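Protein sequence lines correspond, in order, to chains L and U. Residue 42 in the numbering used here is what sits at position 42 of the first sequence, and the numbering runs on without skipping anything. For the numbering used here, add 103 to where a residue sits in the second sequence, where the first one is 1.
Hints may be right or wrong, so weigh each one.
[As the list claims (entries may be wrong)] With the C-beta cut set under 10 Å, the calculated list includes, among others, these residues of chain L facing chain U:
| no. | residue |
| --- | --- |
| 1 | Y15 |
| 2 | T19 |
| 3 | C69 |
| 4 | T75 |
| 5 | L89 |
| 6 | K90 |
If you're looking for bench data, these hints aren't it; they were derived computationally from the structure. Remember, it's a predicted structure, so these values are computed and weren't measured experimentally. The C-beta atom is built at its ideal place from N, Cα and C for all residues, glycine as well.
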Amino acid sequence: MTKITPDFAEELKKYGDDTALICFNCGTCVAICPLVSESFPRRLIRYIQIGARDRILENADDLWKCLHCGLCTQTCPRAADPGEVILSLKRFTVANWRKSYNV
Amino acid sequence: MFSPQTIIEILADNVRKTRNPFGLNKTGLNSWWKNSNVNQTGDTLLFTGLMYQLVPYIKATTKYLEKYEDTPKADYIRYGKRIPKPLVNLGLKIISSKEDKKYFNTLLCNIVKILRSSDVSFAYNPELDEYSGVLLYDMGDQESFVTHAEYVANKLQDAGIRKLITVDPHTTYAVKVLYPKYTGISFEVQTYFELARLKGGDSSSEVTLHDPCFYGRYLELADGPKDLLTGLGVSCDPINTSGAFTSCCGGPAESISPKLAEEVGKRRVAELQATGRPIVAMCPICLANLQKAGAEVEDLSSVLVQFVS
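Extracted from the complex, chain U is given alone in its bound form (with noise of 0.2 Å):
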């Protein structure tokens, strides 16, 4: 296990500085959408809050982490605030795997088209994409989180942005429920599957889904996805731990302590390898570590995009 004070204090100091908790170059980290041809100005935007596109760097530090939990040589991370923030952004894009930053970015390719063929009028403005903050809440640094958030909250209301349409379940709480607790301003959120609205095929596969804890427990949105795949014949029975007692992926620890993170995913994975069924989730977090963990895994929009006409 690695220090929380000193991991939470460089989170902090990114997100002060960078406004993502890698301390990254926003440009480079955010570039999915260039080839997407996506209107940019309207009131209901798409808002990823680049969790998709920090997995990537989350993989790689990951791979790093591990090698030093529980040794000396942990301690040294304290150091990793001094690092001046260019040299972070271009230690972390070249540790960072391309092939990975490429199949997270169709992900996001997939979500606007999923919304495109289901008629869903939206606008993506890179510029006002923002990180939520949520891992400062997450991890009891309220003070940076509301400070960030207030950030994010004004610059969207600023830009006349009334409609949030999210692709993940950690940005979705955070805006939906935490934004207006704490920093006093609301949107309309919703997610992209609530807005999905695609025809059925011929398809009569069946899977099984990991529900996100957010959207199992703290949304109540686990039906969703569930209703929506089994509108298009995609048949995906609920297993025991689902819903509202879905089990977590161990996602969540990997900062603080990858080896946590990698026994909760296999645990994990065994439950929903139990179905025989190909597994799908439908949060980047839940993606990579269940991935990591061992599993065959397939994203919620990969499976929706085949049924784009």
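Here chain L stands alone, though its shape is the one from the complex (with noise of 0.2 Å):
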């Protein structure tokens, strides 16, 4: 069972644009993205917007496969920047497991 993170979102903001909750699915990143696989970067889009903290957590490596060519961010027509909030996904990963030494 996946936990919801209801206000994932609002800790998001801290490590980067607060794009995410304007996406609305249309999946045109996914079409243009290079990698081409696993609905990438809307599933991970999708997650935000529902509050999948610990999904995100889960399938952390997926984000790095992210070339950060900006393809996605070019052509979004909800102007959300997939590519920065990827990015905002990559802080809040590594400050996550950073966390996770000092404890």
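Take the two lone chains, each set in its own frame, and fit them into one complex as the hints suggest.
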């Protein structure tokens, strides 16, 4: 069962752009992404929207497949900046890894 | 795929201790300028960000990473951080190719020739030329990136540098966009091709340009090289996937997944080769990854230097 963290989008704000909630899941980013697999990056943006914080941390390695090429951001019809959202998730994940070393 | 967590911690540790992502001794890494008779003082600095210089080491390391990706031995990479830096330095020096070092150094010498021929007044002080830290930013290690960027920006500011002439898209993006945003320190930043004023010859050649993502999209500078070459008589009709819609070369994935880098690189090579014209890149990462994916690719500086009188 996935635990939901309703204020996850709020928590993410300190790691970068606050645009994930603008996304209406059209899938343009998935179609244009050179990775062409597993609904990337839309799936991860959807996880933010529903507050699936733990699901993101469980699948965190996938974030680093992103080449930061910016095609998704260039073509997003909602200006939701998926590339920057993925970068924010990387920052969030790195910060969580580092917190866990210090526990 | 290698563990991003492990790779990030190795890169961050290297940058913290040696100011470059490979843990290399800077004197050995940055030697291209020694025969260029460059002026070392002035407030306009040629700032390479050490990217061209690092490519021979990226190539050598990737060759080893490829062998172990998705094998049980991939996990051994986590011990990389424990290897003393002098030993890392020696190992990388041995496994990297002398020909590659010579080739990438020549490209920087080409850029000096292009700037001189264009009557651009600039200095090159190897002491001030540092890695920008952009890989840490791309990897999401914001804390390490900002710490390193502050070190570099303060060093340049303290030395009285006002203007930076850059040679690759990643460093350009870092010093032009990220440094002001995250360090509060700004420089006037221009790429060498924006400053190039060369005279055309009788050339009637044709090339296909591979626009890097950072020039094509993030910095919107893709028209610069195209217009410059066109003015010199080199035809470079853009392909569909160019400018703001250029395709990635795959290079940025090298440290995490050489397999993914190769897969994306091969796709891009097919797009570029479809024109049948010689391919020209303007980023050392793109250049190396497209060459690795099987294409014959020249650097923009190699084309432009032919017009130096």
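Results of checking the hints against the structure:
1. Y15: OK, holds: Y15/L within 10 Å of chain U, min 8 Å.
2. T19: 16 Å, violated
3. C69: 4 Å, holds
4. T75: 8 Å, holds
5. L89: OK, holds: L89/L within 10 Å of chain U, min 8 Å.
6. K90: 3 Å, holds
Checked against the numbered hints above, the structure violates only hint 2.
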